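Colleague: Given next are the chains, with one letter for each unit.
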Amino acid sequence: MKKYIMIQRLLISFLAIFSLFWSCKRDVDSLGSPKLSHDPEVFIDGFSSGLNYAAFSNSVVTAFTVDKTNTYNNSTASMKIDVPDLNDPRGAYAGGTYFTSVGRDLSSYNVLSFWAKASKAAEIDVVGFGNDLGLNKYITILNAVKVNTNWQKYYIPIPDASLLKDERGMFFYSEGPENDRGYTLWFDEVKFENLGTLGHLTSGIMESKDVTVSAEIGEKISMSGFQSIINLPNGLNQVVSTSAGFYKFKSSDENVATVDEKGTITVKSQGTALITAQSNGTTSLGSLLVKAISALPQPSSPAPIPDKQSSNVLSLFSNKYTNVPVDTWNTHWQFSTAEESFIKIQNDDVIKYKNLNFVGIELVSQTLNVSTMTHFHIDIWTPDNTDLPKSFKILLVDFGPNNAYGGNDDSSHELSFTKPKLATGQWISFDIPLSNFSGLTRKNNLAQLVLSGDLPNVYIDNVYFYKADTQVPDSPTAAPSVPTYPAADVISIYSDSYTNVANSNLNPNWGQSTRVSELNFNNNRVLKFAGLNYQGIQIGSNQNVSNLGFLHLDFWSSNASNLNVYIISPGPVEKPVSLTVPTTGWSSIDIPLSSFAPVDLSKVMQFKFEGNGDIYIDNIYFRR
Amino acid sequence: MTNKTKFILFGLFAFFLASCKTDNIQELDQKQWNLVWSDEFTANQTNGIDTTKWTHDIGRGNNGWGNQELEYYTDKTENISLDGKGNLTITARKENFAGASFTSSRIKTQGKFSTKYGKIEARIKCPYGPGVWPAFWMLGTNVDQVGWPTCGEIDIMELKGQEPNVIYGSLHGPGYSAGNSITQRYALINNRFDTDFHTFSIEWNQEKVDYFVDNYLYQRIERSQAKGNWVFDQEFYLILNVAIGGTYVGYVNIDTPFPQTMYIDYVRVYQ
Numbered sequence: 004m005k006k007y008i009m010i011q012r013l014l015i016s017f018l019a020i021f022s023l024f025w026s027c028k029r030d031v032d033s034l035g036s037p038k039l040s041h042d043p044e045v046f047i048d049g050f051s052s053g054l055n056y057a058a059f060s061n062s063v064v065t066a067f068t069v070d071k072t073n074t075y076n077n078s079t080a081s082m083k084i085d086v087p088d089l090n091d092p093r094g095a096y097a098g099g100t101y102f103t104s105v106g107r108d109l110s111s112y113n114v115l116s117f118w119a120k121a122s123k124a125a126e127i128d129v130v131g132f133g134n135d136l137g138l139n140k141y142i143t144i145l146n147a148v149k150v151n152t153n154w155q156k157y158y159i160p161i162p163d164a165s166l167l168k169d170e171r172g173m174f175f176y177s178e179g180p181e182n183d184r185g186y187t188l189w190f191d192e193v194k195f196e197n198l199g200t201l202g203h204l205t206s207g208i209m210e211s212k213d214v215t216v217s218a219e220i221g222e223k224i225s226m227s228g229f230q231s232i233i234n235l236p237n238g239l240n241q242v243v244s245t246s247a248g249f250y251k252f253k254s255s256d257e258n259v260a261t262v263d264e265k266g267t268i269t270v271k272s273q274g275t276a277l278i279t280a281q282s283n284g285t286t287s288l289g290s291l292l293v294k295a296i297s298a299l300p301q302p303s304s305p306a307p308i309p310d311k312q313s314s315n316v317l318s319l320f321s322n323k324y325t326n327v328p329v330d331t332w333n334t335h336w337q338f339s340t341a342e343e344s345f346i347k348i349q350n351d352d353v354i355k356y357k358n359l360n361f362v363g364i365e366l367v368s369q370t371l372n373v374s375t376m377t378h379f380h381i382d383i384w385t386p387d388n389t390d391l392p393k394s395f396k397i398l399l400v401d402f403g404p405n406n407a408y409g410g411n412d413d414s415s416h417e418l419s420f421t422k423p424k425l426a427t428g429q430w431i432s433f434d435i436p437l438s439n440f441s442g443l444t445r446k447n448n449l450a451q452l453v454l455s456g457d458l459p460n461v462y463i464d465n466v467y468f469y470k471a472d473t474q475v476p477d478s479p480t481a482a483p484s485v486p487t488y489p490a491a492d493v494i495s496i497y498s499d500s501y502t503n504v505a506n507s508n509l510n511p512n513w514g515q516s517t518r519v520s521e522l523n524f525n526n527n528r529v530l531k532f533a534g535l536n537y538q539g540i541q542i543g544s545n546q547n548v549s550n551l552g553f554l555h556l557d558f559w560s561s562n563a564s565n566l567n568v569y570i571i572s573p574g575p576v577e578k579p580v581s582l583t584v585p586t587t588g589w590s591s592i593d594i595p596l597s598s599f600a601p602v603d604l605s606k607v608m609q610f611k612f613e614g615n616g617d618i619y620i621d622n623i624y625f626r627r
Numbered sequence: 003m004t005n006k007t008k009f010i011l012f013g014l015f016a017f018f019l020a021s022c023k024t025d026n027i028q029e030l031d032q033k034q035w036n037l038v039w040s041d042e043f044t045a046n047q048t049n050g051i052d053t054t055k056w057t058h059d060i061g062r063g064n065n066g067w068g069n070q071e072l073e074y075y076t077d078k079t080e081n082i083s084l085d086g087k088g089n090l091t092i093t094a095r096k097e098n099f100a101g102a103s104f105t106s107s108r109i110k111t112q113g114k115f116s117t118k119y120g121k122i123e124a125r126i127k128c129p130y131g132p133g134v135w136p137a138f139w140m141l142g143t144n145v146d147q148v149g150w151p152t153c154g155e156i157d158i159m160e161l162k163g164q165e166p167n168v169i170y171g172s173l174h175g176p177g178y179s180a181g182n183s184i185t186q187r188y189a190l191i192n193n194r195f196d197t198d199f200h201t202f203s204i205e206w207n208q209e210k211v212d213y214f215v216d217n218y219l220y221q222r223i224e225r226s227q228a229k230g231n232w233v234f235d236q237e238f239y240l241i242l243n244v245a246i247g248g249t250y251v252g253y254v255n256i257d258t259p260f261p262q263t264m265y266i267d268y269v270r271v272y273q
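Protein chains in written order, with our numbering: chain W, 4 to 627; chain D, 3 to 273.
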């Protein structure tokens, strides 16, 4: 059988050469090297001659199988792709390339066609050809390919077939879950064709638009938006993405900017240069006008390193913190002229905006919950004049519960800053309380940050939200609650609510280093023991509290880690009881007097406080 | 094995032979045609459309020229001009104009030239896209007296832009008009009518109208086929236009590429 096939091949080769003289083909020279196969078939009912498959990295390697049941037009076999569910441990998506180890000459075809269907309506991310696991010089991609449960034919035009004389990338695909769910996809009858029913092949660069960019001398810019457009048999145009390899680029002024074969532009000197391209022998739609300007001043040192604890920070951009995903640092909204670039200043990553009138920064695909944050931080540096009335504006936008733009639940607020907050040629740190963004009524779905103003050149760094350290007051702001026990049930040592035992000494000299003072809140006095090591109170006369139940204390400390209270009877007999410090506001405690045993409760003469920090005390009394 | 090899050999040779012929061989009557009228739209014709030969239809007609068409016909050079390369161009544009969403152009020889019988031919490169409807056709000169379809209509070429590889040739008359017209489609298997020029012609006498694409006869309509009066024994004038949308071609698609141009290399009438 093998031998027969060999003979058949030889015969066909012979006939192919023979046909050079006999066929009606006008362009004999275009047939290319006879060494390379012109085989148009990729997968008809199985792998075509010499075809290999390789799964893409991180994809489900077993996603592709040959299916003999679901085939187009009842043919023998089709290609079946099992797209995984989200979080499939085997891989995040299905994807791979079908390639040959020896190139094929595809120069006599104008399209890769295939039939496809799916187990449900879906959009395949990427289908294309030209992925040879190597340089991928001539890649052509159909994006967002709509498939449904019926077989449909698809066309991927070859942007310039004359270049594909030795091509190894026959077909490739990549598709992830749809709405988190996997599904099954079939391809069949994958082949190159020369179809007269396709027409009007054109090409474009910069998405077929005329784009202007200003660039600094020395900067490198990459051309993009390579596309090929063909009119399908149904009269509608189809746009495919292509690679730079299909284009010949040209600069109108090589002194201003040069462009290499990969579409990389190098800006040489001041002036303007128009970059255009040709593909398939005709001028491509779209262009890039480079306006070269001398290099801008830039910060000589990085922005100050943030000092917030990372646990209190949600960072968008900072080398200090782990950053949340940001969709884009430039949404290129209509009328925005901003151009962003990511630069390093002494190894610190900084974003540089040029021509900034306004720029959108989006976290739409993963909005940020900043409801527990208190501040927004950004560092900016501008070489521009910041004299009044020049301003810099920061707008925050929350998408609301629907987590999407619009829907009457969005909220936003813009703040504007001028001199003296603004300054030229130095890092300016903004720490803006979120409460200042008063229109930002919701903070659970922060989705956009918009920077604007009158500064066309702005470097930014350390963009983050943070929770300020809880402000711990170092002294009480009011006296504790007023006691409510009837005076008859109380023997008071220190309180403005009762008549105190007369002649007590609040600061007897027992050799302590504690500094004693009194604070007065609306005629309600509070004792302060600053820098406590220990501190005594000499009661004006011995008190018999044996018929009472509790010692009451109100105490306050933000910084003590240890505090004991003693009552003392002659002997001296004393016993400490530990109090919980630091306190959150005033602590009020009623200690059972039995806790002080063996102190003689019929002759209580002194108190002693022992510990550290600053202690505030009030309402020292015994009660029934 | 040898038999099969032979078969392959024979098959391939047969293919070569077939591929050298553009069409199957047709036995046609030899006729001597004499050119009686033409517009070659030559490259040096700088004064615009030859007004001794053509006149414009302007506006939207009655109910979109009877078909709920969407275009407004103008005589602006943006819609009709000579391209300086030997072609007349009729260009349909997507633009709001006088209450219409598209502009285009339609010219006719009414009152300037008409013919009864003969060979009528044009060489045309068609426009394309869903809802784009180019046509090369004729109406009986008594249209203003007897109305349509009694006046008769001979459609030498109509194309629906959603099928750029298919043209239609049709006859309309009393009792066989619009959806009931006598019509035939002609499709190119692996080519289209908008990527290169093709000739579209009829050969018309008292017995029949023969329809040709690139000199290939694809339809013969004989007098006896008319389900009503045969109204093609009188003078007819020529019309060229690009319509947009309407009952015949169907909806224009939001993605239909515009502008769309019909290129006419020549129109010739022989007797």
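Everything labelled a hint here was simulated from the structure, so no lab data went into it.
Be aware that a few hints might be false.
[Unchecked claim] One-sided and incomplete, this derived list gives chain D residues near chain W with beta-carbon spacing under 7 Å:
{"hint": "1", "residue": "R125"}
{"hint": "2", "residue": "N193"}
{"hint": "3", "residue": "T249"}
{"hint": "4", "residue": "G252"}
{"hint": "5", "residue": "Y253"}
{"hint": "6", "residue": "D257"}
[Claimed, not checked] Pairs of lysine-lysine, DSBU-like flavour, derived with a Cα cap of 30 Å:
{"hint": "7", "chain 1": "D", "residue 1": "K87", "chain 2": "D", "residue 2": "K110"}
{"hint": "8", "chain 1": "W", "residue 1": "K38", "chain 2": "W", "residue 2": "K347"}
{"hint": "9", "chain 1": "D", "residue 1": "K87", "chain 2": "W", "residue 2": "K212"}
{"hint": "10", "chain 1": "W", "residue 1": "K83", "chain 2": "D", "residue 2": "K78"}
{"hint": "11", "chain 1": "W", "residue 1": "K212", "chain 2": "D", "residue 2": "K110"}
{"hint": "12", "chain 1": "W", "residue 1": "K578", "chain 2": "D", "residue 2": "K229"}
{"hint": "13", "chain 1": "W", "residue 1": "K396", "chain 2": "W", "residue 2": "K357"}
{"hint": "14", "chain 1": "D", "residue 1": "K110", "chain 2": "W", "residue 2": "K253"}
{"hint": "15", "chain 1": "D", "residue 1": "K110", "chain 2": "W", "residue 2": "K149"}
{"hint": "16", "chain 1": "W", "residue 1": "K253", "chain 2": "W", "residue 2": "K271"}
{"hint": "17", "chain 1": "D", "residue 1": "K127", "chain 2": "W", "residue 2": "K156"}
Being a predicted model, the structure only gives us computed values, none of them experimental.
Glycine included, C-beta positions come from ideal geometry on N, C-alpha and C.
Colleague: Next step is simple, just say for each hint if it's right about the structure.
Modeller: Hints versus structure:
A hinted interface residue such as D:R125 counts as satisfied when its beta carbon comes closer than 7 Å to some beta carbon of chain W; here the least separation is about 18 Å, so the hint is violated. A cut of 7 Å between beta carbons decides the hint on D:N193: the least distance to chain W is about 4 Å, and the hint holds. Among the interface hints, the one on D:T249 is violated; its C-beta lies about 18 Å from the nearest C-beta in chain W, farther than the 7 Å criterion. Nearest Cβ of chain W to the Cβ of D:G252: about 11 Å, over the 7 Å cut. The hint is violated.
This hint is violated: D:Y253 has a C-beta 12 Å from the nearest C-beta of chain W, more than the 7 Å allowed. The interface hint given for D:D257 is met, as the beta carbon of that residue sits about 5 Å from the closest beta carbon of chain W, less than 7 Å. Our distance criterion of 30 Å between C-alpha atoms is met by D:K87 and D:K110, whose separation comes to about 22 Å. Pair hint W:K38 plus W:K347 does not hold up; C-alpha atoms about 51 Å apart against a cutoff of 30 Å.
Between the alpha carbons of D:K87 and W:K212 the distance comes to roughly 28 Å, so the proposed pair stays at or under 30 Å and holds. Simply put, W:K83 and D:K78 have alpha-carbon atoms about 55 Å apart, too far for the 30 Å limit, and the pair is violated. Under the criterion of a C-alpha separation no larger than 30 Å, the hint pairing W:K212 with D:K110 is inconsistent with the structure, at around 39 Å. A distance of roughly 126 Å separates the Cα atoms of W:K578 and D:K229; the hinted pair therefore is violated under the 30 Å criterion.
Between W:K396 and W:K357 the alpha-carbon distance is near 16 Å, which keeps this suggested pair within the 30 Å criterion. Taking the CA atoms of D:K110 and W:K253, the gap is about 46 Å. The hint is violated against a cut of 30 Å. Between D:K110 and W:K149 the CA atoms are separated by roughly 44 Å; this puts the pair beyond 30 Å, and the hint is violated. Straight-line distance between C-alpha atoms of W:K253 and W:K271 comes to about 15 Å, which keeps the hinted pair within the 30 Å bound.
The suggested pairing of D:K127 with W:K156 holds, with an alpha-carbon distance near 27 Å, which does not exceed 30 Å.
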